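Novice: These protein sequence lines are chains A and B, in that order. For the first sequence, our numbering assigns the number 1 to the initial residue and increments by one for each residue that follows. For the second sequence, our numbering assigns the number 1 to the initial residue and increments by one for each residue that follows.
Think of the hints as simulated: they come from the structure by calculation, not from any bench. All of these numbers come straight from a predicted model, not from anything done at the bench. Among the clues, some could well be false.
[Unchecked claim] With a straight-line cut-off of 30 angstroms between C-alpha atoms, the simulated DSBU-like cross-links for lysine-lysine are:
| hint | chain 1 | residue 1 | chain 2 | residue 2 |
| --- | --- | --- | --- | --- |
| 1 | A | 40 | A | 29 |
| 2 | A | 29 | B | 38 |
| 3 | A | 40 | B | 38 |
| 4 | A | 51 | B | 38 |
One-letter residues, chain by chain:
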Amino acid sequence: MQTLTNKALAVQRQPMTFWERLYLINIIKGMMITFSHMFKKQPTIRYPEQKREFSPVFRGLHVLNRDEEGRERCTACGLCAVACPAEAITMEAAERMEGEENIYREEKYAAKYEINMLRCIFCGLCEEACPKDAIYLSETFAPANYTRKGFIYDKNDLLIPNPLTNAADYAKAKGVQA
Amino acid sequence: MTLLSFDWALVIEKLILIVIIVLTTLLITLYTTFGERKVAAILQDRPGPNRAGPFGLLQPLADGLKLIMKEEIIPTSASKWLFILGPGLAMTASLMTSAVIPWGTDVHLFGRTIALQIADVNIGILYIFAVVSMGVYGIMIGGWASNNKFSLMSALRAASQAISYEIAMGLALIALLMTTGSLSLKTIVADQAAGNWWNVVYQPLGFIIFFICAMAECNRTPFDLPEAENELNFGYHQEYSSMKLGFYLFAEYVNMIMSSAIMASMYFGGYDLPFFDETTVAPNIAAMIGVGTLLIKIVLFVFLFMWIRWTIPRFRYDQLMNLGWKTMIPLALFNMLLTGALILAKL
Numbered sequence: 001m002q003t004l005t006n007k008a009l010a011v012q013r014q015p016m017t018f019w020e021r022l023y024l025i026n027i028i029k030g031m032m033i034t035f036s037h038m039f040k041k042q043p044t045i046r047y048p049e050q051k052r053e054f055s056p057v058f059r060g061l062h063v064l065n066r067d068e069e070g071r072e073r074c075t076a077c078g079l080c081a082v083a084c085p086a087e088a089i090t091m092e093a094a095e096r097m098e099g100e101e102n103i104y105r106e107e108k109y110a111a112k113y114e115i116n117m118l119r120c121i122f123c124g125l126c127e128e129a130c131p132k133d134a135i136y137l138s139e140t141f142a143p144a145n146y147t148r149k150g151f152i153y154d155k156n157d158l159l160i161p162n163p164l165t166n167a168a169d170y171a172k173a174k175g176v177q178a
Numbered sequence: 001m002t003l004l005s006f007d008w009a010l011v012i013e014k015l016i017l018i019v020i021i022v023l024t025t026l027l028i029t030l031y032t033t034f035g036e037r038k039v040a041a042i043l044q045d046r047p048g049p050n051r052a053g054p055f056g057l058l059q060p061l062a063d064g065l066k067l068i069m070k071e072e073i074i075p076t077s078a079s080k081w082l083f084i085l086g087p088g089l090a091m092t093a094s095l096m097t098s099a100v101i102p103w104g105t106d107v108h109l110f111g112r113t114i115a116l117q118i119a120d121v122n123i124g125i126l127y128i129f130a131v132v133s134m135g136v137y138g139i140m141i142g143g144w145a146s147n148n149k150f151s152l153m154s155a156l157r158a159a160s161q162a163i164s165y166e167i168a169m170g171l172a173l174i175a176l177l178m179t180t181g182s183l184s185l186k187t188i189v190a191d192q193a194a195g196n197w198w199n200v201v202y203q204p205l206g207f208i209i210f211f212i213c214a215m216a217e218c219n220r221t222p223f224d225l226p227e228a229e230n231e232l233n234f235g236y237h238q239e240y241s242s243m244k245l246g247f248y249l250f251a252e253y254v255n256m257i258m259s260s261a262i263m264a265s266m267y268f269g270g271y272d273l274p275f276f277d278e279t280t281v282a283p284n285i286a287a288m289i290g291v292g293t294l295l296i297k298i299v300l301f302v303f304l305f306m307w308i309r310w311t312i313p314r315f316r317y318d319q320l321m322n323l324g325w326k327t328m329i330p331l332a333l334f335n336m337l338l339t340g341a342l343i344l345a346k347l
């Protein structure tokens, strides 16, 4: 019979020899294999101390961006909420008052901005939809929490630190974005 | 110091020795459970328990605490007293073996000569066999009292396995006794320590048989059929919880340490450190070196047990019985005949 590949092997049907039937030799061989594994490098990443390197295109937790003067970019247009296939984003818009020009970039801003991290599928469509470059996905993921409520991230959790008043944290957050 | 014709100092001395040996055994057992997990992890390229304390060294304490804090459940249909007796008996039987093991040479303290052996019985080996057979009762009673078909089947397996392998074990030991000419463990070890070759040189086949049987007696993989999870859920301790379960699990490890100690004493010279003349140091220091040597030998054997456990899969039950009755017993008989013939030829 012609075989499809050259990998085919005939099944061995002859009875085992005396040494094979003893098993002891094969057991010792097996034990040598397990023993050699004592000196192998462990692939384990000891999580809280060590963290896995993410690829540059990793899509993690959302960050609400500010411009270089520290003003919030988001104008609460709602395009991200529309784009979101998991309907994880809710927001409420408000009008910028006199004297708030240094906080909000445009005349309209998001008074409330919440993302439910349990619903979010981290597809990044909100990032694609945003016309103001206000939202992007960072390289961290949502840490564990005891309650479902804890996974609803509001504006305080999402906003990037102010580059003017808190430059160090801002740089750190930016660095994660890469 | 003789009151009621008792040597009270001897009683106190032995009591202290018993307490020390039992406590040390339990402490070592505690860390054997940790060692088991660590060895398993390292053989499988994992780090193993490393969270509780430095290098995870407090892990056994955490495990023990967890077991104690668990709710104690006695099933309503269980036979209550036997249910409680089972784990106690298993633990007692496994600890009792330590009575005849010589842990070292004599120590001279407070003007007394203290033998580092709880009882130098001249039928030490027979005593060990009696106690090892007792261990089956712990499992049997626990399995039967649980009133659970899986526990009962597991207990039956354990009992028949232990009985089958005890025969080969005994026959392997008879060959050893023919060469040593003594049933006392102290004499056997002293003979090996006196500069002779270790008994394993005279009895290599006997040692292999004894080792395999010891593994079967301890219900260790590849002979852990009483605990075959995929067939029996959990085994004879299925209905047990809290520290009663802990006792069963612990007894298994104590058994392992004890059989390692027996193997080290009978085949590997016990407390004898090779290529070292004990007469060159003070007798007390020599005794301590002896204790350390025996402990190292025990640890090596325990590691061997673990190494085998994490290498070889479990036998099927008919394979186990075939190996016991059709291979081990004839092999042990052959070993006995061969030893007898060699002794006759030499004379």
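Novice: Compare the structure with each hint and give your call.
Specialist: Cross-check of the supplied hints:
1. A:40 to A:29: Given that 30 angstroms is the threshold and the Cα spacing comes to 17 angstroms, the pair holds.
2. A:29 to B:38: Measuring from Cα to Cα gives roughly 22 angstroms; hence the hint holds.
3. A:40 to B:38: Within the cut-off at roughly 15 angstroms; holds.
4. A:51 to B:38: Given pair residue 51 (chain A), residue 38 (chain B) holds - Cα atoms ~23 angstroms apart, limit 30 angstroms.
Comparing the model with each earlier hint shows no violations; every hint is respected.
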